[in-house]
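Asks: Residue numbers (this note's numbering), protein chains in the order written: chain X, 1 to 308; chain U, 1 to 279.
Calculated directly from the structure, the hints in this document are not laboratory data.
Some hints here could point you the wrong way.
To be verified - Here are some of the chain U residues that sit facing chain X, going by a computed Cβ distance under 8 Å: (1) ASP53; (2) LEU55; (3) ASP59; (4) GLU62; (5) GLN86; (6) PHE90; (7) GLN98; (8) ARG125; (9) THR190; (10) ARG192.
What the hints assert, rightly or not - No farther apart than 27 Å at their CA atoms in a straight line, the calculated lysine-lysine pairs in the DSSO-like style are these: (11) LYS131(U) to LYS12(X); (12) LYS287(X) to LYS189(X); (13) LYS12(X) to LYS189(U); (14) LYS131(U) to LYS77(U); (15) LYS9(U) to LYS77(U); (16) LYS20(U) to LYS189(U); (17) LYS131(U) to LYS193(U); (18) LYS77(U) to LYS12(X); (19) LYS20(U) to LYS9(U); (20) LYS20(U) to LYS242(U); (21) LYS241(U) to LYS20(U); (22) LYS12(X) to LYS242(U).
Just so you know, these numbers come straight off a predicted model, no measurement behind them.
Virtual Cβ for every residue (Gly too), placed ideally from N, Cα, C.
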Amino acid sequence: MTTRALPDWYYKEQAYPEGGEKGRGTGFIKRALAAFGESLVTLLSGEEGVPDSFLSAISPAAKIIGIIALIVGVTLIQRPLILIFGFLITLVVMGAARIPVRRVVHIWLGVPVFSLAVILPAVLNLFSPGDVIIALWSPGPGAHLGHWNLPPAVGVTMEGLEVASRFMLRVIICVNLALLLTATTPPVKLLSAFRRMGMPNAFGMVLVMMYRYLVLLVEAVREIHEARLSRPYGGMNLRAEQNWIAAGVGNLFRRTWYMGEEVRQAMAARGFGGDLKTARPAVFQAKDWTFLACCILMIFIGIWSGGK
Amino acid sequence: MREPVFDLKGITYSYPGGIKALDDVSFRVSGGESVAVLGANASGKTTLLKIMDGLLFPDGGEAAAFGHRLTEESVEKPPFSRMFRQEVGFLFQNSDAQLFNPTVREELAFGPYQLGVPEDEAWRRVDDMMKFVEIEHIADRPPAGLSSGEKKRVALACLLTCAPSILLMDEPTTSLDPRTQEWLVMILKTLRKEGMTLVCSTHDLHFASLVAERGVVLTEEHRVASDGNIWEILTDFDLLKKVNLVHEHLHEYEEVFHSHFHVHKREQEPDHVHAHGSE
Ligand SMILES: Nc1ncnc2c1ncn2[C@@H]1O[C@H](COP(=O)(O)OP(=O)(O)O)[C@@H](O)[C@H]1O
Ligand SMILES: [Mg+2]
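Whole structure, please, built from the sequences with the hints as guidance.
Replies: In structure tokens, the structure reads:
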């Protein structure tokens, strides 16, 4: 017999231990990790985010000023009709800025649905009186819930509907405006613009570093998960699963530490001495001024036509 | 004994956002073969290996291993999942991804534990493999803090403690110093002699010439440009130029390049060695 290069156990038939189906845990973790990683990567990498358009060409600083002004303006508009008109304008601009519909729907399903849940009770005459247009429940006069006196007929009021729809319209316009800013500006540029506009240096620095880390960390989580999948797993019981998660988290912390060192060193190697120098001074060009002028014009028209 | 272990038919894969990574890729790998997947950066090598390891699943075409089709369900369902994960080891380009235990020793024991190897045998495997890849001196250090060469050794040892018969390796030589590269070549030659199936992705032609007998060349359009004897591929200058594996300016050195690989070819081919020996 020839001498073997590997230990004897390597040549033995490997027995695959019996075991039932894998625990539910793995599947859940896998899905959660995949979803988490995917959404964060697309969100943070900004790779998907910035389609070429007239808005992406405008200086981030001009966009920040203009859009914050517009948001303030929107809160001053009272007439629902003008708000609806404003909403339609944001839609048109979003279309022109080529913001992916998927992204818009994502955001709409999040923030406004949440605010709807908050504002919904206001349409009823439980908190503020009004003319009931749809009666839902008639507890009768003098009814109360604990110490709380109920109106004789609980229902949707005209005033309540108006308040709620105004609120919802404002929320969704603001969401659209914010999206017009964030979906047309790479995160890093947005951050440096905020910094240039006087956000404290340390604060901006922390944000920049956090952003760098998150991207790296998400990448790391994805890779670790894949590596985990590629290793053999017998019917992992709950303990083993927990151990794996604990090990994964521990590993992530350790790696963050090393990475932190390296990110810092990499920045130092490129001449970073505590103050982030921006590549280009913020000089507004004609298109930036035009953008700002348009924003201000819109605000005036909105308040003039729709203010109290 | 040469039975097909991997069978890829018309594999197509795109990442979210429509980023194409593989386009109609087909080839087979037989047991005991050593194949180099050659391609420029972003040609799809990593994606291809991940599909072979059942980590990604093709949009079109079929990938099979050991006669089993690789699908999201099949790679999770015992007994195939267990057999597949034990028999196939994957060496990630970024070793960090693979290493998550507190110490090197525990890292190596992780695989056998998952396989249900009895404790004393598991630790014996760990000791044997630490010796095999020469990492005994770092047994108690945390893997995250090692150098990239040390990490690669640890990562390889982790795979070997599971006694796989197939190794998929994603650009194993990147970030290794020449001495560690040489060591890796030596180890892979040993494993090959022991009958293991090796698939390496690389754009390092020299490394490919040393460890592989067959080459599968991917174009920058993510298709297979050539599949065959590694020597024929490495001496096909036009092919290598077309897929960006050699630089245009290398033209002046074409002669040198040719003779370099021809010399190697003579050294490597068994019958030549024999001929030499009998002289
Ligand atoms: N996670 C990912 N998300 C999106 N695109 C990716 C991802 N990984 C790879 N790609 C893209 O797929 C293509 C092939 O990549 P890859 O398989 O990593 O090539 P190679 O390993 O040959 O460098 C490249 O264009 C790359 O940018
Ligand atoms: Mg790669």
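Asks: Could you check if GLN98(U) really has its C-beta closer than 8 Å to a C-beta on chain X?
Replies: holds, 4 Å
Asks: Is the straight-line distance between the alpha-carbon of LYS131(U) and that of LYS12(X) 27 Å or less?
Replies: Since the Cα atoms of LYS131(U) and LYS12(X) sit roughly 19 Å apart, the hinted pair holds (cutoff 27 Å).
Asks: For LYS287(X) and LYS189(X), compute the direct alpha-carbon distance and say whether it is at most 27 Å.
Replies: holds, 18 Å
Asks: Would the hint on ASP53(U) stand, with a C-beta cut-off of 8 Å toward chain X?
Replies: With Cβ-Cβ at 5 Å, under 8 Å, it holds.
Asks: May I ask you to test the interface hint for ASP59(U) with respect to chain X, counting a Cβ-Cβ separation under 8 Å as satisfied?
Replies: violated, 16 Å
Asks: Between LYS131(U) and LYS193(U), does the CA-CA distance stay at or below 27 Å?
Replies: Given pair LYS131(U), LYS193(U) holds - Cα atoms ~19 Å apart, limit 27 Å.
Asks: Double-check GLN86(U) for me: the hint is only fine if its C-beta lies closer than 8 Å to a C-beta in chain X.
Replies: This interface hint holds because 5 Å falls under the 8 Å limit.
Asks: Is it true that the CA of LYS241(U) sits at most 27 Å from the CA of LYS20(U)?
Replies: Holds: LYS241(U) and LYS20(U) sit about 22 Å apart, inside 27 Å.
Asks: Tell me if the straight-line CA distance from LYS12(X) to LYS242(U) falls inside 27 Å.
Replies: Outside the cut-off at roughly 45 Å; violated.
Asks: Measure nothing beyond the straight line between the CA atoms of LYS20(U) and LYS242(U); if it is 27 Å or shorter, mark the hint as holding.
Replies: holds, 19 Å
Asks: Would the pair LYS131(U) and LYS77(U) pass a check requiring their Cα atoms to be no farther apart than 27 Å?
Replies: violated, 34 Å
Asks: Is LYS9(U) within 27 Å of LYS77(U), Cα to Cα?
Replies: Roughly 22 Å separates the two Cα atoms, so the pair holds.
Of the numbered hints given earlier, the model fails hints 3, 4, 10, 14, 16 and 22; all others are met.
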